[in-house]
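Chain A is fixed; fit chain B onto it per the hints.
This is what each chain is made of:
There are 2 protein chains.
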Amino acid sequence: MGLSAHLGGGGEFELIRRFIAEDGPMPHDVLIGPGDDAAVLEGGWVISTDMAVEDVHFRRSWLTDREIGYRAAAAALSDMAAMAANPVALLLSTAAPLGGAVDLEEINAGVRAMAATVGACVIGGDVSRSPGPLMLDVVALGRAGWPVQRDGAEPGDHVWVTGSLGASAAAVHIWQSGAEPTPELRARFAVPVPRVEAARCLVEQEVVDAMIDLSDGLAGDLAHIAAASGVEITIETDRVPVDDLVVEALGPDDALDLALHGGEDYELCFVTDPDVVDVGYFAERYGLRVTRVGTVAVGDGVWLRSADGTRTEASAGGFDHWPFEPDKHPSPEAA
Amino acid sequence: MGLSAHLGGGGEFELIRRFIAEDGPMPHDVLIGPGDDAAVLEGGWVISTDMAVEDVHFRRSWLTDREIGYRAAAAALSDMAAMAANPVALLLSTAAPLGGAVDLEEINAGVRAMAATVGACVIGGDVSRSPGPLMLDVVALGRAGWPVQRDGAEPGDHVWVTGSLGASAAAVHIWQSGAEPTPELRARFAVPVPRVEAARCLVEQEVVDAMIDLSDGLAGDLAHIAAASGVEITIETDRVPVDDLVVEALGPDDALDLALHGGEDYELCFVTDPDVVDVGYFAERYGLRVTRVGTVAVGDGVWLRSADGTRTEASAGGFDHWPFEPDKHPSPEAA
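Chains A and B supply the protein sequences, listed in that same order. Here the first sequence is numbered in the working numbering, starting from 305 and rising by one per residue. Here the second sequence is numbered in the working numbering, starting from 305 and rising by one per residue.
If we strip away everything but chain A, and leave its shape as in the complex, we get (with noise of 0.2 Å):
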């Protein structure tokens, strides 16, 4: 859920992040508030919202009608993940260009086929014209009996991830330079597999302290859970898992960059006890990649060691690396 979108112009969406945040008295009957992947109500029930905004998100150059609908239910469905929960309904609101330049009927048809492949089905939304760009919102909602959130981090522990990381991202840099990405990095951006499944393998092991989705790269969202967590984490560069498709296609050193601080790979971080996850085990007993990445201190940040031992700290927020920025990303009106 939001406070971590792709923005462009970071600083002045900084205090509604905060703002969003913010800790008040919660009534009774909600369980988690704000400042999650996503809130927790009496009764097991996780929900989340995740926008997608055309010339923001996606480009609908870059995309059918089908898959940004699919694409935005996978970012929302993503925070179930996030928070171990099974999903359960979505609801979508749309809002649209008159005059038929967008498939309406296809926009729901992605979102319902993604929805599909977790068991979800959407239980309502609205809809509107829009006299701007495309704008999608997804709500998701699921259910948890242990809701994992971002503060459970502590010094000593291990920091993992599932998968490869860096290629939604790639394939975005690939068309921001004007080409085309393969058709293997293009469907990683386009059509992103929500963890559900694998979040569901880890919760089932009682191995995670505290998890998180990647939507702001890996640095950007580790500094999510070192802020709740109140501990520092340090990133071990060479141990990342960068997608091969990307240092095939822009080389290691940007691959890293991307891995880092791209964003929307919708893979999941966590967090664990030192030693207590069997790799093998969960390759073997369900298909699950998970590589250890890093570990956690006393101290606050996130920062980077490579394997010459060099310590760098990383920047605080994946969205400012993110190439939607600005001027790399005109408005329509601008384009």
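Derived from the structure by calculation, the hints contain no laboratory data.
Some chain B residues judged to face chain A by a derived CB distance under 8 Å, without partners named: (1) G328; (2) P331; (3) V334; (4) G337; (5) D359; (6) D430.
Quick reminder that beta carbons are idealized off the backbone N, C-alpha and C, glycines included.
Chain B in isolation, oriented as in the chain A frame:
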């Protein structure tokens, strides 16, 4: 919730409305799915989502930023009233243009101020820049022991409304004609009151068979009840509680037209058995004005009967008559 917003270009969106309202198999913990003012989840949670799009639902020249937030939250909470739910929490998604034209903190303050009037608070959200109009999506969450649906109207029942109708649409009408509404009329558009307390009173009396909030105008919203209940509804036009301010500003004919077709009054329209509502009791005990405006019969559709007995079919959707038609309501590019 959606399916009934002031779109302009109604035809193009009919498909999507039907699409959203499609009833497939629902998960066991979704008690009421698409097609009503809100969905209902196990545990009595009621959830709805409402968009407010600049230059579709409001103009920035008409409202302060705080009022934009206040009004969007009121519209979302009105869906809670329509289901007789007690509001608990809101989620707020905002897509805003960069450059300081919009004060996001004021919008948030308005949302929170509205939420506070009904004892709710903001528990999450999302934020993005918008390359076009300001857009808000407000998710309302509440709880209902006995959620009231649209499908309980039966032949012989009476149809009622709370408060008086037409003032919000009249303010828009006056703005659109290039004039300024009086402060009183303006307030009816800018700071509407969701009838949460009224819904509570009505349900306490156990008299309500079906209910909806008035966002499309009386005729348009009764069409939803008539369709959901499989009945015919006749509005006695001389009984409609047209707002005095509107009669004064625009004369009785236009005032009636706006009450029937204007929308966004956010009063409640409800259906009861005949002769169970004690108007004086509601006025005395709850300070609540309720007016009988029509009757339910075997058949379908919504009909208007005037004092001289003339009977005509009311047009299907209030939104078609709303002043925000595309031709009268140019998009920012054209303005």
